[in-house]
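Trainee: The lines below spell out each chain.
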Amino acid sequence: MTPILESLFGGLSIASVLLLAALGLAIIFGLMGVINMAHGEFMMLGAYTTFVVQNALKKTPLSDIYILFALIAAFIVTALLGLILERGVVRYLYGRPLETLLATWGVSLILQQFIRSVSWQLMLGIAIFSALFFGALWFAGKRLDFERIRSWLIAIAIPISAAIAWFVCDILAKIYKLPFTKPWFGTQGVDVTAPRWLRGGLPIVEGYQLPYTRLFIIFLTVVCIAGIYWFLNNTPWGLRIRAVTQNRNMSACLGIPTQKVDALTFAIGSGLAGIAGCAVSLLGSVSSNIGQQYIVDTFMVVVVGGVGKLVGSIVAAISIGLLNYVVASNALKPLISFSPQLTAIADFFASGPMAKVVVFALIVLFLQIRPAGLFPQKGRTVDA
Amino acid sequence: MTQTNGAIADFPANTDGHSMLDISNLNVYYGESHILRNVDMSIEPGKMVCLIGRNGVGKTTLMKTIMGLLVPRSGSIRLQGKELRGLPPDRRAKLGIGYVPQGREVIPRLTIKENLLLGLEALPKGAAKAKEIPEDIFELFPVLKTMLNRMGGDLSGGQQQQLAIARAIMGRPRLLVLDEPTEGIQPSIILEIEAAVKKIVRETGISVLLVEQHLHFVRQADWYYAMQKGSIVASGATSGLSKDVIQEFLAV
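Chains as they are written, first to last, in the UniProt record's numbering: chain A, 1 to 384; chain B, 1 to 252.
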């Protein structure tokens with residue numbers, strides 16, 4: 001009994017992280033057919049937001065429940081960034097999946113480097129540049145011949161704004177020195193410590209206890225899924241999202257503002273990535289490439305689950321999580337101990353990376369049999 | 001929504017002297033192939049206009065262009081004097097065009113009720129506060145009332161067609177665009193749909209643009225336009241629709 005219970009809970013805790021991370025991706029992919037390669041980096045930003053909130057509340061009475069504020073802050077920060085990404089980049093690339101893939105991948109690289117080198121100097125520079133550039137555009141936008149001069153205005157405004165921003169920051173860096181130029185996070189990982197009530201664990205069976213952080217993540221995942229289901233099924237915007245997911249053109253013809261629906265969905269999906277990032281920050285050190293550890297797994301969850309069905313993602317995440325844990329922890333060893341050959345094979349694959357090899361190999365096999373995933377859309381309405 | 005014994009309430013009045021819909025010199029291309037050639041068409045307020053023509057002459061293309069799903073290369077489309085060019089479909093719906101496309105396009109994995117509520121999206125902000133379906137919809141299509149919680153995709157073709165028309169009427173349009181509403185539907189339901197459309201026109205005074213192959217339905221319209229190879233080649237009152245014209249333009 002012990003190994004089975006142990007692998008059940010261990011697998012569930014992996015599955016809940018996977019699912020939390022994949023949820024946002026599944027919603028965005030289901031609605032818009034857009035693969036957001038920057039999803040992992042949104043998780044990373046959520047994790048860093050948690051770190052910032054933790055430090056900000058450290059010496060205050062709220063430090064015990066900082067994680068709640070961190071969840072909200074992470075959701076808001078990543079949702080806003082998702083909104084900017086959709087409005088600024090993705091919406092120009094609808095219907096061109098390859099370009100979207102490359103563009104969001106580029107964004108993910110930018111975000112990684114941004115986190116490594118962000119300092120007051122950089123932030124101020126970006127703020128000055130944005131203020132000058134968009135201010136100039138806004139100011140010129142009031143002129144009647146704006147459309148005619150637009151392109152050369154942009155060509156001139158970019159270098160001038162950049163030069164001014166660079167110059168100001170350079171001078172300030174010479175005056176204030178290190179506190180101004182020192183990166184906030186640097187290339188080293190930072191550590192989020194779980195609040196006191198999340199330390200320790202719940203003893204499940206003899207010799208195995210489920211850490212409270214894992215339980216918290218399972219709970220968080222359940223809350224997020226319930227929240228998403230409630231939102232999609234009981235609110236006017238949820239209804240609009242479901243309609244656009246199924247038939248974009250007809251929804252537009254009924255008067256649904258599809259652009260707003262896209263922007264909102266992208267923001268919610270990204271916000272969920274932020275919450276996932278907040279959750280994984282409890283599991284280990286947070287660094288700028290933490291997103292890459294998760295992105296591949298989350299894609300697997302979405303692909304195996306089948307596009308457009310949340311229930312598919314849920315089942316896929318649980319299966320992959322369980323399989324991963326069982327193989328990696330060699331939990332079934334007592335059951336196959338009768339055969340030395342099987343035991344040798346199981347021992348060979350009993351480590352994190354090797355378990356992943358097994359899982360991916362099985363996914364490849366699975367997709368040969370069911371290319372559309374666990375829960376494909378059925379019937380004559382598929383193409384509509 | 002207010003309700004006056006059986007009559008359909010809340011439809012916008014047509015009083016400003018413009019044609020309901022004015023299409024002039026419209027040219028539409030799919031890539032490099034020229035589909036609609038210099039199409040002119042006009043629909044007067046409160047009238048039912050039928051567009052006839054054989055398969056593949058561009059009727060549905062014209063409907064899609066009116067709705068904004070296709071972008072014309074030149075020409076203009078005006079709804080009560082307001083130019084529609086450059087507006088996305090959702091804005092056109094909000095201006096008062098109710099669209100029932102070919103193939104009905106009921107949203108399959110939403111319930112009948114949700115499909116109907118989507119029709120309210122075309123109403124101006126705040127006008128659709130009460131998320132209720134007015135009784136007049138069920139008077140037009142009683143069959144819908146009995147299956148509000150079934151999925152749209154599970155209905156038969158005729159029921160889907162009724163749902164699609166009801167959904168368009170929910171948005172209280174000025175102009176109802178019907179693209180082959182009787183295609184592939186059993187005769188008894190065709191008569192029901194015909195009666196409902198006539199009732200809508202009679203009681204609300206909205207205009208209807210109908211694409212139709214079914215002769216009996218065509219005869220209900222006030223005016224016809226006949227299309228061939230992407231151009232309007234004939235038009236007139238449907239009362240004067242002669243056997244020759246029918247032979248030439250209807251696929252019967």
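Be a bit skeptical, because a hint or two may be false.
Pairs of lysine-lysine residues, derived as DSSO-like cross-links and limited to a Cα-Cα distance of at most 30 Å, are as follows [as the list claims (entries may be wrong)]:
{"#": "1", "chain 1": "B", "residue 1": "Lys199", "chain 2": "A", "residue 2": "Lys309"}
{"#": "2", "chain 1": "B", "residue 1": "Lys131", "chain 2": "B", "residue 2": "Lys145"}
{"#": "3", "chain 1": "A", "residue 1": "Lys260", "chain 2": "B", "residue 2": "Lys199"}
{"#": "4", "chain 1": "B", "residue 1": "Lys243", "chain 2": "B", "residue 2": "Lys198"}
{"#": "5", "chain 1": "A", "residue 1": "Lys142", "chain 2": "B", "residue 2": "Lys198"}
{"#": "6", "chain 1": "B", "residue 1": "Lys198", "chain 2": "A", "residue 2": "Lys309"}
{"#": "7", "chain 1": "B", "residue 1": "Lys229", "chain 2": "B", "residue 2": "Lys113"}
{"#": "8", "chain 1": "B", "residue 1": "Lys199", "chain 2": "B", "residue 2": "Lys229"}
{"#": "9", "chain 1": "A", "residue 1": "Lys177", "chain 2": "A", "residue 2": "Lys58"}
{"#": "10", "chain 1": "B", "residue 1": "Lys82", "chain 2": "A", "residue 2": "Lys260"}
Derived by calculation from the structure, the hints in this document are not laboratory data.
Trainee: Taking the numbered hints from earlier one at a time, note which ones the structure violates and give those numbers from smallest to largest.
Mentor: The structure breaks hints 1, 3, 5, 6, 7 and 8; every other hint is satisfied.
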